[in-house]
Amino acid sequence: MKDKYIVSSAPHVHDKTNVSMVMWNVVLALTPALAFAVYFWGIRSLTLTLLGAVSAVVTEALIQKMRKVPVTVNDGSAFLTGMLLSYNINPGAPWWMPIMGSVFAIAVGKQVFGGLGNNPVNPALLGRAFLLASWPSLMTSGWLKPKTGNLSGLNDLDAIASNLQSLSPKAYDLVTGATPLKVVQTLRDSSFVASINADAGEGIDLANRIFTNITEMASLKNLFWGNVGGCIGEVSAFALLLGAAYLLYKNIIEWRIPLFYIGTVFVLTFLFGPIQGSGYSMMLPFFHIFSGGLMLGAFFMATDYTTSPLTKNGRIIYAIGCGVLTVVIRLVGGYPEGVSYSILFMNVMTPLIDKFSAPKAFGRMK
Amino acid sequence: MKMFLKLGLTLLAFCMVATALLAYVNSLTKPKIEAIKIKEAQEAREMLIPDAEFEEVHGAIDYYIARDKTTKALKGYTFTAEKAGYSGAVKTMAAVDSSLTIINIKVVQQTETPGLGTNSTKPEFAAQFSGKNASQLIVDKDGGVAPNCIKALTGATITTRAVTNALKEYIDILSQEINGKGEAK
Amino acid sequence: MSFISELTKGIIKENPIFVIVLGMCPTLATSTSVSNALGMGMAATFVLVCSNIFISLIKNVTPDKIRIPVYVVVIAAFVSIVDMSMAAYLPALHKSLGLFIPLIVVNCIILGRAEAFANKNNVINSIADGIGMGLGFTLALTVVATIREVLGNGTWLNIKVMPSTYDPMLITLLAPGAFITLGFLMALMNMIKEKK
Amino acid sequence: MQLRTFPGGVHPHDEKHFSASAPITIAPLPAKVTIHLSQHIGAPSTPVVKVGDEVSKGQLIAEASGFVSLNQHASISGKVTAIDRFPHPCGTSSLAIQITGDGKDEWVDLVDEESFMELPVNEMKERIAAAGICGMGGAGFPTHVKLSPPADKPIDTVILNGVECEPFLTSDYRLMMEHAEDIIKGLKLIMKIVNAKKGVIGIEANKPDAIRLMEKLLKSESNLEVVGLKLRYPQGAEKQLIYAATKRKVPAGGLPMAVGVVVQNVGTAFAVYEAIRYKKPLIERIISITGEGIKKAQNLKARIGTSFAELVELCGGTSMTVGKIISGGPMMGFALPGLEAGMGKGSSGLVLLGEKAARSMEEHNCLRCARCVDVCPMNLLPSTIAAAVKYKNLDMAVKAGLNDCMKCGSCAYVCPAQIRLVQWIDTGKIRYAEAQKEGK
Numbered sequence: 001m002k003d004k005y006i007v008s009s010a011p012h013v014h015d016k017t018n019v020s021m022v023m024w025n026v027v028l029a030l031t032p033a034l035a036f037a038v039y040f041w042g043i044r045s046l047t048l049t050l051l052g053a054v055s056a057v058v059t060e061a062l063i064q065k066m067r068k069v070p071v072t073v074n075d076g077s078a079f080l081t082g083m084l085l086s087y088n089i090n091p092g093a094p095w096w097m098p099i100m101g102s103v104f105a106i107a108v109g110k111q112v113f114g115g116l117g118n119n120p121v122n123p124a125l126l127g128r129a130f131l132l133a134s135w136p137s138l139m140t141s142g143w144l145k146p147k148t149g150n151l152s153g154l155n156d157l158d159a160i161a162s163n164l165q166s167l168s169p170k171a172y173d174l175v176t177g178a179t180p181l182k183v184v185q186t187l188r189d190s191s192f193v194a195s196i197n198a199d200a201g202e203g204i205d206l207a208n209r210i211f212t213n214i215t216e217m218a219s220l221k222n223l224f225w226g227n228v229g230g231c232i233g234e235v236s237a238f239a240l241l242l243g244a245a246y247l248l249y250k251n252i253i254e255w256r257i258p259l260f261y262i263g264t265v266f267v268l269t270f271l272f273g274p275i276q277g278s279g280y281s282m283m284l285p286f287f288h289i290f291s292g293g294l295m296l297g298a299f300f301m302a303t304d305y306t307t308s309p310l311t312k313n314g315r316i317i318y319a320i321g322c323g324v325l326t327v328v329i330r331l332v333g334g335y336p337e338g339v340s341y342s343i344l345f346m347n348v349m350t351p352l353i354d355k356f357s358a359p360k361a362f363g364r365m366k
Numbered sequence: 001m002k003m004f005l006k007l008g009l010t011l012l013a014f015c016m017v018a019t020a021l022l023a024y025v026n027s028l029t030k031p032k033i034e035a036i037k038i039k040e041a042q043e044a045r046e047m048l049i050p051d052a053e054f055e056e057v058h059g060a061i062d063y064y065i066a067r068d069k070t071t072k073a074l075k076g077y078t079f080t081a082e083k084a085g086y087s088g089a090v091k092t093m094a095a096v097d098s099s100l101t102i103i104n105i106k107v108v109q110q111t112e113t114p115g116l117g118t119n120s121t122k123p124e125f126a127a128q129f130s131g132k133n134a135s136q137l138i139v140d141k142d143g144g145v146a147p148n149c150i151k152a153l154t155g156a157t158i159t160t161r162a163v164t165n166a167l168k169e170y171i172d173i174l175s176q177e178i179n180g181k182g183e184a185k
Numbered sequence: 001m002s003f004i005s006e007l008t009k010g011i012i013k014e015n016p017i018f019v020i021v022l023g024m025c026p027t028l029a030t031s032t033s034v035s036n037a038l039g040m041g042m043a044a045t046f047v048l049v050c051s052n053i054f055i056s057l058i059k060n061v062t063p064d065k066i067r068i069p070v071y072v073v074v075i076a077a078f079v080s081i082v083d084m085s086m087a088a089y090l091p092a093l094h095k096s097l098g099l100f101i102p103l104i105v106v107n108c109i110i111l112g113r114a115e116a117f118a119n120k121n122n123v124i125n126s127i128a129d130g131i132g133m134g135l136g137f138t139l140a141l142t143v144v145a146t147i148r149e150v151l152g153n154g155t156w157l158n159i160k161v162m163p164s165t166y167d168p169m170l171i172t173l174l175a176p177g178a179f180i181t182l183g184f185l186m187a188l189m190n191m192i193k194e195k196k
Numbered sequence: 001m002q003l004r005t006f007p008g009g010v011h012p013h014d015e016k017h018f019s020a021s022a023p024i025t026i027a028p029l030p031a032k033v034t035i036h037l038s039q040h041i042g043a044p045s046t047p048v049v050k051v052g053d054e055v056s057k058g059q060l061i062a063e064a065s066g067f068v069s070l071n072q073h074a075s076i077s078g079k080v081t082a083i084d085r086f087p088h089p090c091g092t093s094s095l096a097i098q099i100t101g102d103g104k105d106e107w108v109d110l111v112d113e114e115s116f117m118e119l120p121v122n123e124m125k126e127r128i129a130a131a132g133i134c135g136m137g138g139a140g141f142p143t144h145v146k147l148s149p150p151a152d153k154p155i156d157t158v159i160l161n162g163v164e165c166e167p168f169l170t171s172d173y174r175l176m177m178e179h180a181e182d183i184i185k186g187l188k189l190i191m192k193i194v195n196a197k198k199g200v201i202g203i204e205a206n207k208p209d210a211i212r213l214m215e216k217l218l219k220s221e222s223n224l225e226v227v228g229l230k231l232r233y234p235q236g237a238e239k240q241l242i243y244a245a246t247k248r249k250v251p252a253g254g255l256p257m258a259v260g261v262v263v264q265n266v267g268t269a270f271a272v273y274e275a276i277r278y279k280k281p282l283i284e285r286i287i288s289i290t291g292e293g294i295k296k297a298q299n300l301k302a303r304i305g306t307s308f309a310e311l312v313e314l315c316g317g318t319s320m321t322v323g324k325i326i327s328g329g330p331m332m333g334f335a336l337p338g339l340e341a342g343m344g345k346g347s348s349g350l351v352l353l354g355e356k357a358a359r360s361m362e363e364h365n366c367l368r369c370a371r372c373v374d375v376c377p378m379n380l381l382p383s384t385i386a387a388a389v390k391y392k393n394l395d396m397a398v399k400a401g402l403n404d405c406m407k408c409g410s411c412a413y414v415c416p417a418q419i420r421l422v423q424w425i426d427t428g429k430i431r432y433a434e435a436q437k438e439g440k
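Protein chains in written order, with the numbering used here: chain Y, 1 to 366; chain A, 1 to 185; chain H, 1 to 196; chain X, 1 to 440.
Some hints here could point you the wrong way.
As the list claims (entries may be wrong) - The calculated DSS-like cross-link candidates involving lysine-lysine, where the alpha carbons are at most 27 Å apart (straight line), are:
(1) Y:355 to X:249
(2) Y:360 to X:399
(3) H:65 to H:13
(4) Y:65 to H:193
(5) Y:312 to Y:16
Because the hints were derived from the structure by calculation, they are not lab data.
Could you put together the complete structure from these sequences and hints?
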């Protein structure tokens, strides 16, 4: 009689959340984006995603066996990492790409540091950085054209394409062979703009026309639904917002990081986004927040528990930092997209932010 | 105090011996090293423009005028362009013909990342410069469109830029030099 | 300790890179290809042996308090002399090794062995130590370089070893790749040592 | 009515439905009681009876061994049969006096002072001290000490704590519903003792009828008010209650008197009233016997020292295989190894959980999800404290707030990795105390 009662420390009740519930819910929230990817690019996106997720799980299990610690792949964190990694890969990538990335992400990004909760940076993003450094050409070219659209999202592409081809082959190559962010990045390069305008004859501000075109409502619509070129998971802002809403509702992610991240990008791209002569446009910030990996990054990667600050104020600083870096890389840097690098960089800053934003205990005066 | 003095003097003695040795070795080897360098440069020029004799010109940049050994006809110019790469200066020797179109180039000195930037010394890299004029010297990553551009080395865009932009710059200066002289004469 | 054990300890037991963790800068910088690694290893071994001899010879006249600056002067002077002589009399060899010689001055192994070994031991043992450490350094460097060159360039000593369909993993040639490779090799060494 | 609250906190299911509607039932006389000498914060009481002595109900059997200590009284008439170590309602065991009853149940010197309101303040305090009253919310701080603030800390507000934010417990609620007028009298007495002008009764929103009742009774009193509080744990913690009711922040490490406030549990106010009016010592209290494991959950008015086993029997026994017995509420209470212990002055409830509810999950690595940080009512970094304690870095633990923690358990409640944060913090507090001792 006496021994059968459990004696443990308070509290004796617990709310329903646990690690695996959190992780599998995030996986669930990510599935709409996958559905869109499959719709636009075919079953290949699903195959790549599964390859990434499964190899992450296998790697984690093997390493935990090697480390002689309990195998905890059921908690879903490895699956999630592999899935997020695959989401950052171009759907036209070779099949071994997500596998290499997942193995690296789990082995070097996570298990080396002691597994779940101990990694200094987001393992999925580290895996992506590894892939980008290892196979830069495979990672940044060979984008697949979505089923019903075109890579750059320029809506009236066919109409202007023939025009462009005769006016300036360079401009034609640009709008037909690159993702929206790449087009914008190239258009920001004054020497390129000068050269296409020179090609096309004087008086035609071709760059400006393309630039305005890409931020038009019709193009934004393509971006919003995901009818443009891009990585598997980042393409449809709509699907990602759907998943994000679910996570916010479930209280799994907190609103501060996404809001301040996206808000910073919005404000900064409004101020500094226009190219010479294009003038301020209310559409341009929308172009920037819907394109590339920002939605995926802001809702699903920057909010990663382990690598974001503990404190509420810290999260705001962190999110603004991510936003500023993203805009700097997009507008000034060498890469068209900067979401993953800016999150990785702010991940590293997290302990510092935590240190300086530690809250004052209730009733403690400074 | 005395101890410090003693230590200081000992160290001084070591330094003096070392300096003397270095000075002596330097005096022995310097002329030889110089000679080797000049010979190498001459060989490099001859490789770029064969069967030519070279006349050195000091102007805004130093360059050599290459003339045919027998006919003395102008064959072109050679010069060494220099610009900062990823880790230090990248020196490229180039030969251009009389219309300033590149005949051939050779990266002669660089300290770039082995395996990436050092690929700039490979003949495949040099080959794509042949036949290009100053306006075509633009790296693809900077908006150049093939085939009238320079394809960046994988993982070494900065090195490629250093070489390409240095050449472009020097050719531009060279063209002013030559044309300026022509007008003056 | 005998001459032989001084000679062999540097290869595994006291490997300068994997165990003593000395000379990381040249290791990370020059291990991008096997030929570089061999060049660096040989140049470093040569300088190491010579500097060990010198330091061991002057150990009785070097005041203890200023031994480090003296070593620095001796090593730097020595390296410069080697560099200049090589350039003047062996230009072909200098062309392939010349790049590494200035790097040797900052190679901690040289100073480290001078401080830890040569100034306490006689010339013969110091030579053995220099050769052993140099060999260990060369070996470790070659191992790191082999992994990096094969994965990052698909070649080994500039000979193609990977199938033509292989897409080289460029990161191994970059600085992060050097750290990761070195880290894994050190982990491996520790694992082997623990098993023993 | 506008509901007030504090920052942070969690929302556990309140589970009050088991016993909320059960009126207070007077428990029959127990055959035996064990009265612990340490039912309060401060020095244990010193026994004044020997084994074999006959005692009457209400007789002093152990006296306070200093200012911060407490008198203990016999809760039944009978014979002292043992002075020994007995299981304590905190799960440990400690020295207690065991009395075997003779069934007579005779009071010693009880009075009925009609003009109790007019008594001098010193007399009131003496009566409280004599009655052995301590805080009845659970912490058990001797009431006469709390009501003797130093002269340089004037008190302007007395807050009665009727929050009862712990899930399951309903003893304060029933007391408020059935003895509201006496509680208000107690409040007035306390106000008089500390010379406060204002009185506040804080009640959580899940007890709307208690709020309405109190409001009705206080309508004519200009200096007394009822404050409705949002349903949020730990609303009833002293500092959080003060902040919610008055917007004053008690300085860290300080006492409520630093901001001119005294907080007393409604049960304490009731005991104060009875002690001053009738000179009645604290020998009985309301305890909720509740939880899914009990057949008929009840609020019992039982004698101090009655064994939990007896109380459970009074409620019809268990209804399922019980996994865990909790003395107090499930957030801060103690899990007991068995039902042998006798209830103390701070025992507000006994919760029996079924096996499924009692099972705890395995501890995982900390995810750094910051839920604990978000809910901490004291604005601390619980995960950092726990990690610092785990890796024996006391300085870091203190920096992250080790000494400010009141162990409300909100952090451990929400932790998805099931880390026993409170346990780690407890360990840290013990280690810190040891380190301090060694330092001195």
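We went through each hint and held it up to the structure:
no. : hint           : result
1   : Y:355 to X:249 : holds, 24 Å
2   : Y:360 to X:399 : holds, 10 Å
3   : H:65 to H:13   : violated, 31 Å
4   : Y:65 to H:193  : holds, 20 Å
5   : Y:312 to Y:16  : holds, 23 Å
Going down the numbered hints, you'll see the structure goes against just number 3.
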